[in-house]
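**Q** From first to last, the protein sequence lines are chains Z and D. Counting in the numbering used here, the first sequence runs from 18 upward without gaps. Counting in the numbering used here, the second sequence runs from 4 upward without gaps.
Quick caveat, the hints were computed from the structure, so don't treat them as lab data. Here a beta-carbon is modelled for each residue, glycine too, at the ideal position from N, C-alpha and C. Please note that the accuracy of each hint is not assured.
Claimed, not checked - Part of the chain D face toward chain Z, derived, beta carbon under 10 Å:
id, residue
1, V55
2, K68
3, N88
4, E90
Unchecked claim - Far from chain Z, by Cβ distances over 12 Å, these chain D residues were calculated:
id, residue
5, A28
6, R30
7, P36
8, K44
9, Q49
10, I50
11, K52
12, E62
13, D69
Residues per chain, in single letters:
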Amino acid sequence: MHVATINLWDPLIRLFHLSIAGVFVANYFFTEPGEDWHTWLGYYATAWLGIRVVWGFVGPRSARWQDFWPTSVRLRAHASALLHRRPYHRLGHSPIGALVMLLMMACIGTLALSGFAMQEVDALWGADWPMWIHEWAANGLAALVLLHVSAALFESLRLNENLPLSMLTGKRRQPSE
Amino acid sequence: MRRFLLLASLLASPYALAATECTTADRSTWQDPERFQAKLKEQGYQINKFKVTKGNCYEIYGLDKDRRKVEIYHDPVSGTAVKSNIED
Numbered sequence: 018m019h020v021a022t023i024n025l026w027d028p029l030i031r032l033f034h035l036s037i038a039g040v041f042v043a044n045y046f047f048t049e050p051g052e053d054w055h056t057w058l059g060y061y062a063t064a065w066l067g068i069r070v071v072w073g074f075v076g077p078r079s080a081r082w083q084d085f086w087p088t089s090v091r092l093r094a095h096a097s098a099l100l101h102r103r104p105y106h107r108l109g110h111s112p113i114g115a116l117v118m119l120l121m122m123a124c125i126g127t128l129a130l131s132g133f134a135m136q137e138v139d140a141l142w143g144a145d146w147p148m149w150i151h152e153w154a155a156n157g158l159a160a161l162v163l164l165h166v167s168a169a170l171f172e173s174l175r176l177n178e179n180l181p182l183s184m185l186t187g188k189r190r191q192p193s194e
Numbered sequence: 004m005r006r007f008l009l010l011a012s013l014l015a016s017p018y019a020l021a022a023t024e025c026t027t028a029d030r031s032t033w034q035d036p037e038r039f040q041a042k043l044k045e046q047g048y049q050i051n052k053f054k055v056t057k058g059n060c061y062e063i064y065g066l067d068k069d070r071r072k073v074e075i076y077h078d079p080v081s082g083t084a085v086k087s088n089i090e091d
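Bound conformation, chain Z alone (with noise of 0.2 Å):
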């Protein structure tokens, strides 16, 4: 059977998604905090997210803030649609999703910067409070990976698609309507 599919994720968004991924494993389970490495990739992370929110402006559609803004419209559409157990196929981020991947951003940009306190501002050597901001943007950035890859799998099994495959090869089935 011939799948008709599309390329729906660019490169660097595949890219990007596979960087936060790999550093947030990483640096919650492997690497110890104040070590050369857990820093250096916290670092190579706060590139990346940098280099994404510019892309939201110029990157091509499914990439741009404005596709996938999670604007309470949005939202009540597709919490709606989930509740009354309607399919909601878009070929790009569903709102719920996009909403949740802004949170996340969110807990990375406080890492980098409780992280960037406690690390290079000589002052704040050895204080507590930045290493319980890093640790709470940690635990709750986690706990926001764990409801991401949740909802990554209910939908796929729903969808009957690999949405995981897709952020990886960027295709996407095309609907057939």
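Fit chain D to the supplied structure of chain Z, relying on the hints for placement.
**A** Then chain D, alone, in the frame of chain Z:
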């Protein structure tokens, strides 16, 4: 589902794989924290923060005698440095 469970179980134990372990010796054999810090100060360290970590280390944040920012994990029994992060 299995992937989900794996992730969930990993999330339940953050930092479990990362923490530096310094000793398994009983706490009664550990050095007195005050005396341990006093000894470091004699060696020229400034201590901003002293902590006992989950991995049974005496961890200090401070400055070494060259005024470099250091984070050092010590064995609380012998007092030797197990791991150092030095900010240049």
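**Q** The hint names E90 (chain D) as touching chain Z; please verify it with the least Cβ-Cβ distance against 10 Å.
**A** 7 Å, holds
**Q** So, as I understand it, the hint says N88 (chain D) touches chain Z; can you test that by seeing if any CB pair is closer than 10 Å?
**A** This interface hint holds because 5 Å falls under the 10 Å limit.
**Q** Are all beta-carbon distances from K52 (chain D) to chain Z longer than 12 Å?
**A** Since the minimum Cβ distance to chain Z is about 3 Å, K52 (chain D) lies within 12 Å and the statement is violated.
**Q** Are all beta-carbon distances from D69 (chain D) to chain Z longer than 12 Å?
**A** 14 Å, holds
**Q** With d taken as the least Cβ-Cβ distance between R30 (chain D) and chain Z, does d exceed 12 Å?
**A** 23 Å, holds
**Q** The output says P36 (chain D) does not contact chain Z. Does that hold with a beta carbon cutoff of 12 Å?
**A** Label holds. Min Cβ-Cβ 16 Å, cutoff 12 Å.
**Q** Against chain Z, with CB atoms and a cut of 10 Å, does the hint on V55 (chain D) hold up?
**A** Violated, about 14 Å.
**Q** Just want to verify: I50 (chain D) was marked as not at the interface with chain Z; is every Cβ pair farther apart than 12 Å?
**A** 8 Å, violated
**Q** Grab the minimum beta-carbon distance between E62 (chain D) and chain Z and tell me whether it stays above 12 Å.
**A** 9 Å, violated
**Q** The output says A28 (chain D) does not contact chain Z. Does that hold with a beta carbon cutoff of 12 Å?
**A** About 22 Å separates A28 (chain D) from the closest Cβ of chain Z, which puts it past 12 Å; holds.
**Q** Checking hints one by one. Is K68 (chain D) an interface residue toward chain Z, by the C-beta closer than 10 Å rule?
**A** 16 Å, violated
**Q** Take a quick look at K44 (chain D) and tell me if its Cβ sits farther than 12 Å from every Cβ on chain Z, holds or violated.
**A** Holds, since 15 Å exceeds 12 Å.
Comparing the model with each earlier hint shows violations of hints 1, 2, 9, 10, 11, 12; every other hint is respected.
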